[in-house]
Amino acid sequence: RRCTVLLRRQADGVRVEVADGSPRQPVPSVWVSDDAEGGRGLVLLEAVADTWGVGPGPGGGKTVWFECGAGRAPA
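Convert by adding 605 to the 1-based position in the sequence shown; the result is the number in the working numbering.
Worth flagging that the hints you see were computed from the coordinates, not collected in a lab.
Honestly, I wouldn't trust all of these hints.
[What the hints assert, rightly or not] Cβ pair distances, simulated, as ranges:
| # | residue 1 | residue 2 | range |
| --- | --- | --- | --- |
| 1 | Gly664 | Asp639 | 34 to 40 Å |
| 2 | Glu642 | Gly674 | 26 to 32 Å |
| 3 | Val637 | Arg614 | 17 to 23 Å |
| 4 | Pro663 | Asp639 | 34 to 40 Å |
| 5 | Ala641 | Gln615 | 30 to 36 Å |
| 6 | Gln615 | Val635 | 29 to 35 Å |
| 7 | Val619 | Arg645 | 16 to 22 Å |
| 8 | Leu612 | Ala652 | 17 to 23 Å |
| 9 | Thr609 | Trp636 | 19 to 25 Å |
| 10 | Gly664 | Val621 | 35 to 41 Å |
| 11 | Gly626 | Gly674 | 17 to 23 Å |
| 12 | Leu612 | Pro661 | 17 to 23 Å |
| 13 | Asp640 | Gln615 | 36 to 42 Å |
| 14 | Asp655 | Thr609 | 28 to 34 Å |
Glycine included, every Cβ here is placed at the ideal spot set by N, Cα and C.
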């Protein structure tokens, strides 16, 4: 699979966008087997990102994006 990754530095942190050609919308997994090779990405994203979302991408695919603050104090 091919994807495009865009990283933007913003005044208050970073924004990362990952675009691919699949129109299938990602869904956070409720439970993932210890042996599974996938299904953890959005769970990790929800844990570390300040905000994230999914929108239409180039060529009929989708773009998953997230933003994280830079230099903020750890929780």
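Index of numbered hints that the structure contradicts, given in increasing order
The structure breaks hints 3, 9, 10, 11, 14; every other hint is satisfied.
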